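K.L.:
With the hints as your guide, set chain B onto chain A.
Protein chains: 2
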Amino acid sequence: MNIILASTSTIFGGEYLEYLKEELIELYTGIDEIIFVPFARPGGISHTDYTVKARSFFETINIRVKGLHEFEDKTEALNNAKGYFTGGGNTFLLVKTLHEENLMEVLKNNVISGKAYLGCSAGSNIGGRNMKTTNDMPIVYPPSFDCMGLVPFNINPHYLDPNPDLKHNGETRETRIKEFLTQNDIKVIGLREGNWIRRTGDRITVEGTELTRIFEKDKEPYEIEAGSTL
Amino acid sequence: MNIILASTSTIFGGEYLEYLKEELIELYTGIDEIIFVPFARPGGISHTDYTVKARSFFETINIRVKGLHEFEDKTEALNNAKGYFTGGGNTFLLVKTLHEENLMEVLKNNVISGKAYLGCSAGSNIGGRNMKTTNDMPIVYPPSFDCMGLVPFNINPHYLDPNPDLKHNGETRETRIKEFLTQNDIKVIGLREGNWIRRTGDRITVEGTELTRIFEKDKEPYEIEAGSTL
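Note that the protein sequences, when read in sequence, are chains A and B.
Going from the first sequence to this note's numbering is simple: count from 1 and add 102.
Going from the second sequence to this note's numbering is simple: count from 1 and add 102.
So here's chain A without its partners, still in its complex pose (with noise of 0.2 Å):
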């Protein structure tokens, strides 16, 4: 496999996926054009205005993007496609998306047959075993919370850590995470803005500018630094 799953596309004060140039270079080695799956809709906004965004960002890599929206015939427009990129948003809104149309499978066989995937926030939730551990809001209700599964276990994009100043009775992050282990023994990887997940073949490693923060059931949370294997 050859896979990208990041926590998120844009850093702070950053342009879209800029921050990720050099590893997109090499991800889509060969690959002068891709299917963009833009059912996530940050904001709401249109699968065609999505894709114009993602489009601008690749157009600076001579990569041509094509949106998913815009075939008649999905499942043959995944098989036919040489790479893949699926945008953030709404990961109850993607993933209800993808099983309505049949697509999660064709989608998962595609990479798992080796096909260059970048996922960012909900694009790398639905990498992931299961959905269940998105920071979204279910807009929508999925018929199934089911994903990918590209490495065995679950990510938590946006991993965000404690605000000890915060005067709020809401729950932390880890403390979500923490329910989630108590429903659950899948481990979940607590995914910094700045860092991204890489699949190479059966090779994963965490990447990017931050420690990464690990979940797992009747464990008390650890971090690994970037470069650590999965």
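The hints are simulated quantities; they were obtained by calculation from the structure and are not laboratory data.
From a predicted model like this one, the values you see are computed outputs, not experimental measurements.
Don't take each hint at face value.
Same chains, same names: a pair is fine if it fits in one copy or spans any two.
Unchecked claim - Here are the simulated DSS-like pairs of lysine-lysine, each with C-alpha atoms no more than 27 Å apart in a straight line:
id : residue 1 : residue 2
1  : Lys-319   : Lys-184
2  : Lys-269   : Lys-210
3  : Lys-168   : Lys-184
4  : Lys-269   : Lys-155
5  : Lys-280   : Lys-269
6  : Lys-289   : Lys-198
7  : Lys-155   : Lys-319
8  : Lys-321   : Lys-155
9  : Lys-123   : Lys-269
10 : Lys-155   : Lys-280
11 : Lys-168   : Lys-210
12 : Lys-280   : Lys-198
13 : Lys-176   : Lys-321
14 : Lys-184   : Lys-210
15 : Lys-155   : Lys-176
16 : Lys-198   : Lys-269
17 : Lys-123   : Lys-198
P.N.:
Below, chain B without anything else, positioned relative to chain A:
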């Protein structure tokens, strides 16, 4: 109806339910025993431990508390009770359990008949039309997101204003609720900590120490003062 739906059980620096004490004495007038619904299990604590926590507050106002999990026949227990309290925690876990045990409708019918109901956080979410505006992580998959609809809108408990200092690319609460409104035409009450919704018969007001932020489809969000009708 006779209902309180509170943003939170505990305000910063306070004790469990303490800030609502006078309101709860009024809500439960003439009642010396209630049923506690512990299924949201905050932090994954047991039904028994959670019930002990609720009991420790209610004994200060001379109300006995029985945990719903203690009953063999939970439908009968709900039908025989005079009042209810559903505690906060994980809304997905709460809604899944209520639906799987066919208790959502039973609880709803009893509350509609006029029996006193208190919800906090997840327990307030289930008073709304559905749970699609919860902040919680989807750690389990409920058979439906539908809730009791004790009020004709949805609630976002622990409503939190954007923090302009945060160098983080995750969605703000307002962004999430606006995404909900792209997919649903249901009013959302952004209920800040310290506030609650009070329904007495047909009259529904918002109460507490803070302004309340209201979100409606195709409208700019706006703020209303405590005492306003909803």
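K.L.:
State for each hint whether it applies.
P.N.:
Verification of the hints:
Within a single copy, Lys-319 and Lys-184 get their C-alpha atoms no closer than 37 Å, and across copies no closer than 40 Å, so neither meets the 27 Å cut-off. Taking identical chains as interchangeable, the C-alpha atoms of Lys-269 and Lys-210 are never at most 27 Å apart, the minima being 42 Å within one chain and 33 Å between chains. In this assembly of identical chains, Lys-168 and Lys-184 lie within 27 Å of each other by CA distance solely inside one copy; the values are 12 Å within and 60 Å between copies. Taking the closest pair of Cα atoms, Lys-269 and Lys-155 come within 27 Å of each other only across two copies (22 Å); inside a single copy the shortest separation is 37 Å, beyond that limit.
Both within a single protomer and between protomers do Lys-280 and Lys-269 lie at most 27 Å apart by alpha-carbon distance, with minima of 21 Å and 24 Å respectively. Taking the closest pair of Cα atoms, Lys-289 and Lys-198 come within 27 Å of each other both inside a single copy (23 Å) and across two copies (23 Å). For the identical chains of this complex, Lys-155 and Lys-319 are inter-copy neighbours only, at 25 Å across copies versus 39 Å inside a copy, given an alpha-carbon limit of 27 Å. In this homomeric assembly, Lys-321 and Lys-155 come within 27 Å of each other (Cα to Cα) only across copies, at 26 Å, whereas the closest approach inside a single copy is 41 Å.
Taking the shortest Cα distances, Lys-123 and Lys-269 sit within 27 Å of each other only across copies (21 Å), while inside one copy they are farther apart (38 Å). In the homo-oligomer, the alpha carbons of Lys-155 and Lys-280 lie at most 27 Å apart only across protomers (20 Å), although the nearest pairing inside one protomer, at 35 Å, exceeds that limit. Proximity of Lys-168 to Lys-210 under the C-alpha cut-off of 27 Å is restricted to the intra-copy arrangement: shortest distance 18 Å within a copy versus 48 Å between copies. Both within a single protomer and between protomers do Lys-280 and Lys-198 lie at most 27 Å apart by alpha-carbon distance, with minima of 25 Å and 18 Å respectively.
For the identical chains of this complex, Lys-176 and Lys-321 are neighbours neither inside a copy (42 Å) nor across copies (35 Å), given an alpha-carbon limit of 27 Å. In this homomeric assembly, Lys-184 and Lys-210 come within 27 Å of each other (Cα to Cα) only inside a single copy, at 13 Å, whereas the closest approach across copies is 52 Å. When the C-alpha separation of Lys-155 and Lys-176 is checked against a cutoff of 27 Å, the pair qualifies only within one copy, where the shortest distance is 20 Å, while the shortest distance between copies is 53 Å. For the identical chains of this complex, Lys-198 and Lys-269 are neighbours neither inside a copy (35 Å) nor across copies (30 Å), given an alpha-carbon limit of 27 Å.
Neither within a single protomer nor between protomers do Lys-123 and Lys-198 lie at most 27 Å apart by alpha-carbon distance, with minima of 30 Å and 42 Å respectively.
In terms of the numbered hints stated before, the structure departs from hints 1, 2, 13, 16, 17, listed from lowest to highest.
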